[in-house]
Amino acid sequence: MRTIAYDDVVNAVRELCIRAACELPDDVIFALGQSLEAEQSPQGRAALTHCIENAEIARKAKLPICQDTGSAVFFVTLGDAVCVIGGTIGAAINEGCGRGYREGYLRASIVGDPLFDRKNTGDNTPAFVHFEPVAGEKLSITLLPKGGGCENMSALAMLKPADGIRGVTDFVVSVVRGAGGNPCPPVIVGVGIGGTADMAMVLSKKALLRTIGSVNCDERYGNLEQEILKKVNACGNGPQGMGGTVTALAVFIEHSPCHIASLPVAVSLNCHAARQATIRL
Amino acid sequence: MMHKSLMVPLSDDDRAHLRCGEQCLLTGMLYTARDAAHKRFADALAAGKSLPVNLSGQILYYTGPTPPRPGMVIGSAGPTTSSRMDRYTPSLIEKTGLAGIIGKGNRGSDVIEAFKRFRCCYFAATGGAGALLGSCIRKARVVCYRDLGPEAVFELEVVDFPVTVAIDTLGGNCYVDGPAAWRRI
Numbered sequence: 002m003r004t005i006a007y008d009d010v011v012n013a014v015r016e017l018c019i020r021a022a023c024e025l026p027d028d029v030i031f032a033l034g035q036s037l038e039a040e041q042s043p044q045g046r047a048a049l050t051h052c053i054e055n056a057e058i059a060r061k062a063k064l065p066i067c068q069d070t071g072s073a074v075f076f077v078t079l080g081d082a083v084c085v086i087g088g089t090i091g092a093a094i095n096e097g098c099g100r101g102y103r104e105g106y107l108r109a110s111i112v113g114d115p116l117f118d119r120k121n122t123g124d125n126t127p128a129f130v131h132f133e134p135v136a137g138e139k140l141s142i143t144l145l146p147k148g149g150g151c152e153n154m155s156a157l158a159m160l161k162p163a164d165g166i167r168g169v170t171d172f173v174v175s176v177v178r179g180a181g182g183n184p185c186p187p188v189i190v191g192v193g194i195g196g197t198a199d200m201a202m203v204l205s206k207k208a209l210l211r212t213i214g215s216v217n218c219d220e221r222y223g224n225l226e227q228e229i230l231k232k233v234n235a236c237g238n239g240p241q242g243m244g245g246t247v248t249a250l251a252v253f254i255e256h257s258p259c260h261i262a263s264l265p266v267a268v269s270l271n272c273h274a275a276r277q278a279t280i281r282l
Numbered sequence: 722m723m724h725k726s727l728m729v730p731l732s733d734d735d736r737a738h739l740r741c742g743e744q745c746l747l748t749g750m751l752y753t754a755r756d757a758a759h760k761r762f763a764d765a766l767a768a769g770k771s772l773p774v775n776l777s778g779q780i781l782y783y784t785g786p787t788p789p790r791p792g793m794v795i796g797s798a799g800p801t802t803s804s805r806m807d808r809y810t811p812s813l814i815e816k817t818g819l820a821g822i823i824g825k826g827n828r829g830s831d832v833i834e835a836f837k838r839f840r841c842c843y844f845a846a847t848g849g850a851g852a853l854l855g856s857c858i859r860k861a862r863v864v865c866y867r868d869l870g871p872e873a874v875f876e877l878e879v880v881d882f883p884v885t886v887a888i889d890t891l892g893g894n895c896y897v898d899g900p901a902a903w904r905r906i
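Sequence lines, in order, name chains P and L.
Each residue of the first sequence is one higher than the last, beginning at 2 in my numbering.
Each residue of the second sequence is one higher than the last, beginning at 722 in my numbering.
No wet-lab data here; the hints were simulated from the structure.
Source: prediction; values computed, not measured.
A portion of the hints provided could be inaccurate.
In the DSS-like style, the derived pairs of lysine-lysine whose C-alpha atoms are separated by at most 27 Å in a straight line are [unchecked claim]: (1) 63(P) - 161(P); (2) 207(P) - 161(P); (3) 207(P) - 231(P); (4) 760(L) - 61(P); (5) 120(P) - 725(L); (6) 860(L) - 63(P); (7) 770(L) - 816(L); (8) 816(L) - 760(L); (9) 120(P) - 760(L); (10) 161(P) - 231(P); (11) 860(L) - 760(L); (12) 207(P) - 139(P).
Chain L extracted, bound-state conformation:
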């Protein structure tokens, strides 16, 4: 399949024109957060505080990597199931101005509405391919919540990180259209 190379942060034009099913290679910075970091983000925002990381225009990657072996940047780092973050996602997009999210699996209707309304692009990385995806990471550092271990927020510098546009900013959705096209029962 053809790959589209994209620089992160994404331009407004990129976000508007990406369509579900497109394969992309991302180069630039990603920020990680999963369950526990999302809870802290939500608690901070509910208390009227700013987040310890500026996510405006950035891409959030749902992953909790394995620790690096000596001499390595990071271990294995594939996506985790996105729907566990659904409860937090619409307000996180609205309050931070996130431009994209990388995870795996379908999202709830409120989240998809937020993707459309705030033009946030949802990408899927191949679940269970953590060694492959980890090898696209050139630098990694903890930005905040170090005490959460694998659930800390990392800043990752990636090169040609392979993703698929799973839900686009018009609401086109691979997790609905794909299975519908191939269903035989």
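Just chain P, with the same shape it has in the complex:
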């Protein structure tokens, strides 16, 4: 059994929140640079230039890349031989999140009740945490700060198995196209296929964690990612939805077994400020 102190988890998560908000990952910066070369519309190029300059300013000045520092969505891989001493791991992540957002001057964007009083919780808690149990002594925590603008464009379709590849492709393209400028394109398109409705949504979000340029380990899905990307970029929305040839930087698919009657397809979009950070404890 490997023990980790509660406070070590809190401090690690605190740092993770601040780093994720201010430092755009290298693969995203590289992809934005490539998209600036590929983009044909002057309006689109102007917007992409802003996106790239913005990431540089944020990194140098330690400012949040975007004022929407997001819902704090965590993906935690937790080994069964890991024991957190002094409190639960869930509480430690939540406390680290609150401290990171408060002490890092990040925006508190969470209301405690979604419908009635909608009062801001003040420190961006609660964190939204997905645990994946594994064997061994591993503890890895990834934060995906998810902005409201792109999250609001999420969609789920419970397709018929007969809808097949065509149905999946058409649905994903229609979601990106219909989202227009709202999710801050160029976006990253996360697609979850299979599972149950709830599982498909989680898979679509998990898909957003893939490194841009990485290849799907299943060639069939890899080809489908490229096919959908080509169609999405032909839809014309472009950077910021004002017209252009780069609407998405990447399409990533995660899939899962599913019921004989079902073909769930979920779409999660990430904005060009596609932030994420990981820490291994």
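Given chain P's structure and the hints, the job is docking chain L onto it.
Below, chain L without anything else, positioned relative to chain P:
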């Protein structure tokens, strides 16, 4: 691309001649409001009360900034999705005399009608570029609704704040014309 420098408040002449797609640099005062402040504006107007801020001839900016680090004026301050404010916008323009709005994304048909009817210009700032846009803000103070935190109404003094005319006072619309021009499927 060429930029047109404009002073805020905008003149009637500016508003009449701005055309969608034009890139502008705004200098002057902006007032922020997003979801929660709009609800309070609407509740006040419905109750026949005046607003705690005079928006006549002013530009409203849909943003909820991050808090400033010590020694800074403001944190990151980019635009939020405008369509969430659509429900409130036509009557807000009519009752306050707003001259312009800055946000991101397309608007509903009722809002576009109000833009034309009351000659209100709709600008887009680059979504997700909050650090860049925040660096154009020289002064910031809370005008009202401080309890709303990032959703309070701030008065911002900006210099060369970059925006694009997204929907002009004739109804010309970048979010329709742009994608139509570049669509290949």
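(message) Against the 27 Å threshold, does the CA-CA distance of residue 161(P) and residue 231(P) hold or violate the hint?
(response) holds, 24 Å
(message) Just to be careful, I want the Cα atoms of residue 860(L) and residue 760(L) compared with a cutoff of 27 Å; is the pair within it?
(response) The given pair, whose Cα atoms are some 25 Å apart, holds under the 27 Å limit.
(message) Need the status of pair residue 120(P), residue 725(L): alpha-carbon distance at most 27 Å?
(response) violated, 40 Å
(request) Please work out if residue 760(L) and residue 61(P) have their alpha carbons no farther apart than 27 Å. (result) The given pair, whose Cα atoms are some 37 Å apart, is violated under the 27 Å limit.
(message) Holds or violated: residue 207(P) and residue 161(P), Cα atoms, limit 27 Å.
(response) holds, 23 Å
(request) Would you check the hint for residue 207(P) and residue 231(P), treating anything up to 27 Å between C-alpha atoms as holding? (result) holds, 22 Å
(request) Assess, step by step, whether the Cα of residue 63(P) is no farther than 27 Å from the Cα of residue 161(P), and give holds or violated. (result) violated, 48 Å
(request) Starting from residue 860(L), check that the Cα of residue 63(P) is at most 27 Å away, please. (result) Holds. Residue 860(L) to residue 63(P) sits at ~19 Å (cutoff 27 Å).
(request) Take the C-alpha atoms of residue 816(L) and residue 760(L), compute the straight-line distance between them, and say whether it is at most 27 Å. (result) holds, 15 Å
(request) Could you grab the alpha-carbon distance between residue 207(P) and residue 139(P) and see if it respects the 27 Å cut-off? (result) At roughly 19 Å apart (the allowed maximum being 27 Å), residue 139(P) and residue 207(P) satisfy the hint.
(request) Mind checking the alpha carbons of residue 770(L) and residue 816(L) for me, to see if they're no more than 27 Å apart? (result) The given pair, whose Cα atoms are some 11 Å apart, holds under the 27 Å limit.
(message) Just to be careful, I want the Cα atoms of residue 120(P) and residue 760(L) compared with a cutoff of 27 Å; is the pair within it?
(response) holds, 13 Å
Violation of the numbered hints given earlier is confined to hints 1, 4 and 5; the remaining hints are satisfied by the structure.
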